[in-house]
Amino acid sequence: MSPPSPRSRCSHRRTSTSSSRAPSPRPRANRSGASRASPRGLYLGQFDLSLIHPHPRPEPERREHGEKFLAELESYLRTVDSARIEREARIPDEVFQGLAELGCFGMKIPVEYGGLGLGQYYYNHALTMIGTVNASVGALLSAHQSVGLPEPLVLAGTEDQKRQYLPRCATGAISAFLLTEPEVGSDPARLRATAVPTEDDSEYVLDGTKLWTTNGVVAELLVVMARVPKSDGHRGGISAFIVEADAPGITVHRRNAFMGLRGIENGLTSLRNVRVPRENLIGREGEGLKIALTTLNAGRLAIPAICAGAGKWSLKIAREWSNARVQWGRPVGEHAAVAHKIAFIAATTFALEAVVDLSGMLADEDRKDIRIEAALAKLWASEMGWRIGDELVQIRGGRGFETAASLAARGERAVGAEQALRDLRINRIFEGSSEIMRLLIAREAVDAHLKAAGDLIDPHVDLADKLKAAASASGFYARWLPQLVAGKGDLPTSYDEFGALAPPPALRRAHQPQAGAKASAYLGDLGGLSQRRTLQLLDLRGTGDSQTPMDAASYRVDRQVDDLEALRSHLGLERMDLLAHSAGAALALLYAVRYGDRLRRLVLVCPTPRDDGMPHSKRRLLARRASRTPQRRPSTTRRTRSNRKR
Amino acid sequence: MRSAIAHLDVPVLLIAGELDVALPPRPAAAYASLFPRSEFAVVPNAGHSPWQDDPRGCVDTIARFLD
Ligand SMILES: Cc1cc2nc3c(=O)[nH]c(=O)nc-3n(C[C@H](O)[C@H](O)[C@H](O)COP(=O)(O)OP(=O)(O)OC[C@H]3O[C@@H](n4cnc5c(N)ncnc54)[C@H](O)[C@@H]3O)c2cc1C
Numbered sequence: 205m206s207p208p209s210p211r212s213r214c215s216h217r218r219t220s221t222s223s224s225r226a227p228s229p230r231p232r233a234n235r236s237g238a239s240r241a242s243p244r245g246l247y248l249g250q251f252d253l254s255l256i257h258p259h260p261r262p263e264p265e266r267r268e269h270g271e272k273f274l275a276e277l278e279s280y281l282r283t284v285d286s287a288r289i290e291r292e293a294r295i296p297d298e299v300f301q302g303l304a305e306l307g308c309f310g311m312k313i314p315v316e317y318g319g320l321g322l323g324q325y326y327y328n329h330a331l332t333m334i335g336t337v338n339a340s341v342g343a344l345l346s347a348h349q350s351v352g353l354p355e356p357l358v359l360a361g362t363e364d365q366k367r368q369y370l371p372r373c374a375t376g377a378i379s380a381f382l383l384t385e386p387e388v389g390s391d392p393a394r395l396r397a398t399a400v401p402t403e404d405d406s407e408y409v410l411d412g413t414k415l416w417t418t419n420g421v422v423a424e425l426l427v428v429m430a431r432v433p434k435s436d437g438h439r440g441g442i443s444a445f446i447v448e449a450d451a452p453g454i455t456v457h458r459r460n461a462f463m464g465l466r467g468i469e470n471g472l473t474s475l476r477n478v479r480v481p482r483e484n485l486i487g488r489e490g491e492g493l494k495i496a497l498t499t500l501n502a503g504r505l506a507i508p509a510i511c512a513g514a515g516k517w518s519l520k521i522a523r524e525w526s527n528a529r530v531q532w533g534r535p536v537g538e539h540a541a542v543a544h545k546i547a548f549i550a551a552t553t554f555a556l557e558a559v560v561d562l563s564g565m566l567a568d569e570d571r572k573d574i575r576i577e578a579a580l581a582k583l584w585a586s587e588m589g590w591r592i593g594d595e596l597v598q599i600r601g602g603r604g605f606e607t608a609a610s611l612a613a614r615g616e617r618a619v620g621a622e623q624a625l626r627d628l629r630i631n632r633i634f635e636g637s638s639e640i641m642r643l644l645i646a647r648e649a650v651d652a653h654l655k656a657a658g659d660l661i662d663p664h665v666d667l668a669d670k671l672k673a674a675a676s677a678s679g680f681y682a683r684w685l686p687q688l689v690a691g692k693g694d695l696p697t698s699y700d701e702f703g704a705l706a707p708p709p710a711l712r713r714a715h716q717p718q719a720g721a722k723a724s725a726y727l728g729d730l731g732g733l734s735q736r737r738t739l740q741l742l743d744l745r746g747t748g749d750s751q752t753p754m755d756a757a758s759y760r761v762d763r764q765v766d767d768l769e770a771l772r773s774h775l776g777l778e779r780m781d782l783l784a785h786s787a788g789a790a791l792a793l794l795y796a797v798r799y800g801d802r803l804r805r806l807v808l809v810c811p812t813p814r815d816d817g818m819p820h821s822k823r824r825l826l827a828r829r830a831s832r833t834p835q836r837r838p839s840t841t842r843r844t845r846s847n848r849k850r
Numbered sequence: 006m007r008s009a010i011a012h013l014d015v016p017v018l019l020i021a022g023e024l025d026v027a028l029p030p031r032p033a034a035a036y037a038s039l040f041p042r043s044e045f046a047v048v049p050n051a052g053h054s055p056w057q058d059d060p061r062g063c064v065d066t067i068a069r070f071l072d
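Residue numbers (my numbering), protein chains in the order written: chain A, 205 to 850; chain B, 6 to 72.
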């Protein structure tokens, strides 16, 4: 461990006993070798079940360690005065110190570098917990660990850099990430800060202005993104540097103030002739943006974690208030509109936590590139977090709009719903705005195809390579297309390990005890029938409680016909038998008309085909029935209307 | 659709439920007759889900047709 730095805000160093109880972390696998992540698979019509089954779980020793830490953190957080942070618009020194004592600045840093080695899953949990207390504290810790120095160092740093800086970071040398500039936000590739190598190549000289540096005002270490000009021996490009915050030439011009997150130490920082040793380059020249983006892959998960915390807190307040507040003779929670809001907050919080947990564990397993998961989670969580905050304000009514301090001054419970809303707003903007997340997600959706066909399109690739590319692209499409039209789920034995599929509602009803004997006889025979392998059961769902509306059946029917045909050829059946029930008949008939020569036999059970296939006799029957039924409704209406006229 | 069905050279089995209000036996029989090669069966005392009301009879009918 390096000696305590004089600039550290936290004098306390974590004792070595606390680090010895930590398990040794697993080695990090090579990220570039990671296989395709689930949303990418989904774009291609594949559902990669292995991502959630078996559901990833933390290893036992990791779990014990993590749970113990969370318990300590929870009891510490009870002593944190969130109202004071809001009132004074700063996080008090003793909170910095308390967090450092617990090891909070090194939650994700591996144990051998003095951190807690918690991994993303427990780190997320810690942030969620902190998110229920104060969002500024969450931002302090996540700006330090999710985007600050530790993450890029763990990802791309040399062993020397890790040994030198990670222990400092772990014990409270706060770091900040300096990418944004007054002129560049969402499009960082145009950043202007420069890093010019000195003649002897021993140093870089940094110049530029960096805006909105979270933690920048109090940081001891900075990650600065700057452009190295291309020259002899220098490939140049945007590069990442480790910079000591007290280096000559660095000035924090002001501390910025915001709508929310009032406690963060966010600055406007300028660098003038700042000399940085060559060894402080992270990765290679030109890799800065890649490092920044890779950092953000897992880094972005901090936001969903904090949003999940805000959701939990909101749910608690919503429940308590909607029970306590009585209007129109009832607790407001019993009025349907308010009940809906509570249900929305509860369900969304549950989902937020599930997303955070799953993505955290996937990140820890390190077997997948999780950038799309992280982008999806960041986009959705930040949008939902904001809506939860908004609904909470609404549930609290006028008190939702009133500050906690003002409520307290009137003798009411100090609930800062408006603060929660203000604190949540930034999540839709920083670490990639919602608009940018959508672009990224959508681009990935088409990227699979571009990648497969990429070399075919690239004019600089020579013919031999093009042929190779063509071969591999056709392989790709040969595998991809059938999966798209006839996914794994269409194959009879695909999910055998899950046991029998839940029967469709009609069968489920038949399965009830009173119909027990009948049902098993039927199911048994049905099983026998389906083992012929030539029989496809269609739309048994069309019966019973969850009746498939005809419209729904018919609007999808056109595609389904082709899917069905693809399935037939996929199963290698020359001709197939079809059995269709109820609305499923529409599909079967359309198939019969279009692909009659591939149909061997057709069984229609109580068919209710679409209008165009409906026999006239049935229409007549319906018409007759309609004319026979006394038209009570219309006549009542008529009478009422005429009464009113009178 | 109707004319297309009239030329369908595929054996069709249409099963109706005696008490099915969605497609009662008479229109069901008419419907079955639209197909050039059709068999028609009514499951007595059965509604819109005949295999529930008479599992054995219903499945036997289907099995006989398919064998
Ligand atoms: C409280 C706070 C803390 C921050 N902390 C840090 C930090 O620690 N380090 C750091 O480097 N930066 C930090 N930032 C900067 C933050 O990441 C940027 O604000 C963010 O990247 C957006 O950039 P911008 O504000 O310049 O918006 P702009 O890029 O100017 O965008 C303005 C609007 O246009 C939209 N837009 C831009 N491009 C497109 C497009 N192609 N398609 C559709 N819409 C588009 C954006 O979504 C946005 O709505 C922080 C900012 C704040 C407010």
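These aren't lab readings, by the way, just hints derived from the structure by calculation. Where a beta carbon is used, it is the ideal one built from N, C-alpha and C, also for glycine. Where hints are given, some of them may not hold.
[Unchecked claim] Not close to chain B: a few residues of chain A, all C-beta gaps over 12 Å, as computed:
(1) GLU524
(2) TRP532
(3) LEU803
[What the hints assert, rightly or not] A few chain B residues facing chain A, derived, Cβ under 10 Å:
(4) LEU13
(5) ASP14
(6) VAL15
(7) VAL17
(8) ALA37
(9) PRO49
(10) GLY52
(11) HIS53
(12) LEU71
[Claimed, not checked] A few chain A residues that face chain B, going by a derived Cβ cut-off under 10 Å, partial list only:
(13) LEU783
(14) ARG804
(15) VAL807
(16) PRO811
Structure versus earlier hints, numbers of those that do not hold, lowest first: The structure breaks hints 3 and 9; every other hint is satisfied.
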